[in-house]
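These protein sequence lines map, in sequence, to chains F and R.
Per the working numbering, the first sequence starts with residue 1, numbered consecutively.
Per the working numbering, the second sequence starts with residue 1, numbered consecutively.
In case anyone wonders, no lab produced these hints; they're calculated from the structure.
A couple of the hints might just be wrong.
Copies of the same chain look alike in the list, so a pair counts if it works inside one copy or between any two.
[What the hints assert, rightly or not] Derived pair list, reagent style SDA-like, types lysine to any residue, alpha-carbon separation capped at 20 Å:
#1 Lys235 with Asp429
#2 Lys236 with His43
#3 Lys200 with Asp416
#4 Lys200 with Ser51
#5 Lys200 with Thr415
There are 2 protein chains.
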Amino acid sequence: MRSLLLPIAMLVTSSIALPSMAVVSEKSLDDAQQLREIALRSHLGYDIVESLTVEVGPRLAGTPADARAVAWAEDKFAQLGFDKVYKQPVKVRHWERGHASASVISPFPQPLAITALGDSVATPKGGLTGEVIFFDSVPELKAADPKRVNGKIVYIDARMHQHREGKEYSLAVAGRSIGSSVASEKGAIALIIRSVGTDKSRMPHTGNMRYQEGVKKIPAGAISTSDAMMLMSMKKRGKAITITMDLGTTAFQAKTSYNVIGEITGTTYPDQYILIGAHLDSWDEGTGALDDGAGVGITMAAAKLIKQFKPKRTVRVVLFANEEGGLIGAKEYRDANAKDLHKIKLAGESDFGARSIWRFDSQVHPKNLDLMASIAKVLKPLGINHGDNKAGGGPDVSILPAKGVPVFSLRQDGTDYFDYHHTANDTLDKINPEELRQNVAAWAVVAFLAAQSDEQLLPLTINTNLDK
Amino acid sequence: MRSLLLPIAMLVTSSIALPSMAVVSEKSLDDAQQLREIALRSHLGYDIVESLTVEVGPRLAGTPADARAVAWAEDKFAQLGFDKVYKQPVKVRHWERGHASASVISPFPQPLAITALGDSVATPKGGLTGEVIFFDSVPELKAADPKRVNGKIVYIDARMHQHREGKEYSLAVAGRSIGSSVASEKGAIALIIRSVGTDKSRMPHTGNMRYQEGVKKIPAGAISTSDAMMLMSMKKRGKAITITMDLGTTAFQAKTSYNVIGEITGTTYPDQYILIGAHLDSWDEGTGALDDGAGVGITMAAAKLIKQFKPKRTVRVVLFANEEGGLIGAKEYRDANAKDLHKIKLAGESDFGARSIWRFDSQVHPKNLDLMASIAKVLKPLGINHGDNKAGGGPDVSILPAKGVPVFSLRQDGTDYFDYHHTANDTLDKINPEELRQNVAAWAVVAFLAAQSDEQLLPLTINTNLDK
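The shape of chain F in the complex, shown without the other chains:
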C-alpha cells in the first residue's frame, strides 16, 4: 500500500554497499548495440504474434481457447530454445459473452451495435426494454435523484480523445467499471455506456466491470462511438427514447489457467532475474493482437535474441494469465512467489499495443540511475528518450514495486491504441512490423544490460512490511 512506502534513500542508504566498478562493462555495451541491430532486422517478434493470433486467436480467460493459448505458449518457448519452461496454476473466472443485440424501439427504430461488458449478467431471456436516461459521467449519475433513474436504462456518454499516453482512459473508464453499480443503486434496470474508445466506428469496446457487493446486478453493455453519436443526436429531438437490449452472457465456474514462464538461464547469477512479461489472455471479440499478443511477441523475441549473448542474470519471460479479469495471474504470481520476489532485479511488462516506443522510464534506487542512463544511451538510436524514475512497470508488474521489485517502462505511442482496444478490430493487421521490431530491440537492450550489470539492483522504495 502507498502509505507504507518510503523512499529507500531515507531509510537504508548507508547500509547498502554498491560496487564502485563501472555500472556495465564496455563489452556488454558493445554486445547490447549488436543485439539492438540484430533485433531491428529480426522478424521473430512479428512471427510470434502472427502465430498466436492465427493458431489460437481470441483467448478469454477460462475458456477452451485460453487453455489452447497456454499450450501454445509452452510449445513456443520450447521451440525457441528457452532453457526452462514451466507454468504456474491460476484460478480464473470464466465468463462468456454469448449473443448481444440492442435497438432503439422509439421514436426512431434502428439497431445499435452493442457488446456486453465483461462479467455483466445476462438480460432476462428475450431481453429487456426501457426508457433511457442520459448522463455525461458517473459523477453526474451519482448526483441524480433516484426517482428519475428508477426503472430506466442509464446511458453514460463519457467521451475520450486520442492522446499519445492514453491520458483520458482512467477518467472515461469509470462508467464501465462502476457505472452499473451506481445505476443499480438508483433503481436502474440496465446500463449502457458510450464505448471507452477514441475511434469513430461501429465497433463497441468491451472491458472489465465489477459489481459492488450488496447491489443488485443489472446488465451492462457498451455501444459503439458511432451509435453514441447517433443516440445523442436522437436525444436532441426531445422525445423519450426507448431501447431494447438482449445480452446472452453466462458465468461459469472458476477454471484453472496458468502463468506460462520461459527462462534464459543466467551464466553468472542464475538465481537473479530480469523479468519481462506480457499477458497471454485476451478479450474474445478480436484476436488479441495488440492486447496483448504484441507484448507476448516482443518479450519472447527479446529474450530469445538475448540468449546468444549469454546473459549473466537469468532473463525470465512471464506470460500472465487473466490480466483482463483484473491482474488475476499477476496477483497469483506475486503471492505464490512471495519469498522469491527479492530475486527479481528488474521487471517490466509490455501491454500498450505495438506502436514505437518513445520513452524509457525506471523506478529504481537512485544509486542505479547511472545504469539506467547507460541503458538509455543504447536506446537513444531507437528514437527513445530517457524519461523519469516514476515508471509503473505495466499493469501486471505494477503490483511488484510495493514488494520491493525495481521496475521499468518502455512507453509506446498510444495515440490509436484506444481505437482498437477491447474491440473485434484488435487484429494482426493493426501491427506495423517495423514498429514491432523497434520494440523488440528496446526490450532486448534493457533486459540484457540489466542482466549484465554487476551492480546490485535495488528498489526506489522499501516496503516497511517486507520483514513482517
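Following the hints, complete the assembly by docking chain R onto the known chain F.
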C-alpha cells in the same frame, strides 16, 4: 445497348439548330457564383443526412424501414418548400439478413466476422460445415477441376486497394456478383469471399449478388479483410481448413417501394427538367450515411438553395428506390417515364460518398461543350477540374444516356469510400461537413446553370431505337 449508339455528330449535326446566343447570361453566371458561396456556408446538406440517418437509419428496400424512409423523404421535400412532391411506385425485392456467423473448426478454431451477401439463400438450419478450397479470383475458380471443388466451401481472396476513382472495384466485385453461381456449378456447398473493400478491419462488406438461372442456389457470405488475412496465414500452415457457417437470411414476397421526387418548378421552361438524384435505399448494417445519405443530402440541399434564384428550367430531385438491388427504381423510372425522357435536359446522380469533388465530366452533344466549359469555370474555385465528355452520370442515371438523356458527373475523391462501403461502419461520423458543403455547392452550380441556359441541351449519342 452500346452497339446501337452512334455519335450524334455523325447522324444529325446538320438538322439541329443550336442558338447562337451566349450559352448562359452574365446575370446567371453571377447568380451561380452567389449560389456557390451561399452553399459553401450552408449546413443544410449535412442536416439532411443527419436527419435521414438518425430518424430513419438503415433502410433496406422492401423493409418497414424503407417505407419510413419514403415517408421521411416526402416530409423533407415538403418542409424544404419544394413546389411539387410526389412518388412513383416500384416493385422491389424484400430480403432480410437475419443472423450470420462463421468459425474455423479446424485446425485452429476461431470465429470469423462474416456477413451474408444480398439475396443469398440461408444455410440449412444450424449451419453447414465443409473443407475450404482457396482461389484468388473468379477466373481461377472457373478454370478449376470440378472434382476438386465438389462438396467444398469455395473461398475467393480477390484483393482491392485504395484509389481515388475506386478503380479495382469492378474487378474485385466479380466474386461477389457471380462467384456463388460459378462455385455451385462445380458442386460447391457454399461461397465465402474476402470482402470487396479497401480497409483493414473486422467489418465485412455486404453487397448484391445474383444467382444464374438453373444453378443450385448456395449460401454466400463475405468475411472481413482482417479475417481474410488471418485465413490466408492459416492456409500457409498447409493443413486442411474446415469452416462452419450459419446464415439466417429470408426472402420475402416482393413489396412496393417508391421513387420519391421533389421539384423546384422552372419559371421559363417548366416542362424541361434538370434531374439530380441519389438513391434512398441503403444496406441494412450501417445507417447508409455515405451510401447514399450523402447523395440525398447533397441533391436535396442543392435544389433547395437554387429555389431562391428562380431557375428557368425545373430542377427535379429524384430519390431512387432500391438501387442496391440492381437499379430497380431507376429502371422503373426509365420505363414509366419513357415518353417524357426527352424533357430531361441534363441528369446526374451523387452516389460515391461524401468526399470532395475533384472533377466535372459531361456526356453531352459537342455543341453544348461551351456551356459545360462555362459551368466548369464557376466550379473551378471549388477545386474542381474540367474533365472529359465521357461521364457515366452515376449508377441510377447511367441507364438514361441510352435513351437520349445528356448526363454529367461530379466525381468525388473515393480513396476511402471502399473502406466503409456496404459495412456497418457506413455511419454519419464518416462525413466531413466541410467536404459535404463543397459537394452541395458544386451540384447547385451545375444544376442551376444547366437550368438557366437558353441553349438546347442534347445528348452525345442518339439511340437508333428511339423512333421504334
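Hint by hint, here is what the structure shows:
1. Lys235 with Asp429: between (36 Å within a copy, 17 Å between copies)
2. Lys236 with His43: Only across copies: Lys236 and His43 sit 17 Å apart there, 51 Å inside one copy, limit 20 Å.
3. Lys200 with Asp416: Cα proximity of Lys200 and Asp416: in one copy and across copies (11 Å, 14 Å).
4. Lys200 with Ser51: Answer is between: at 19 Å across copies they meet the 20 Å cutoff, but 29 Å inside does not.
5. Lys200 with Thr415: Both ways: Lys200 and Thr415 sit 14 Å apart in one copy and 18 Å across, limit 20 Å.
This entry satisfies every hint, going by the numbered hints stated previously.
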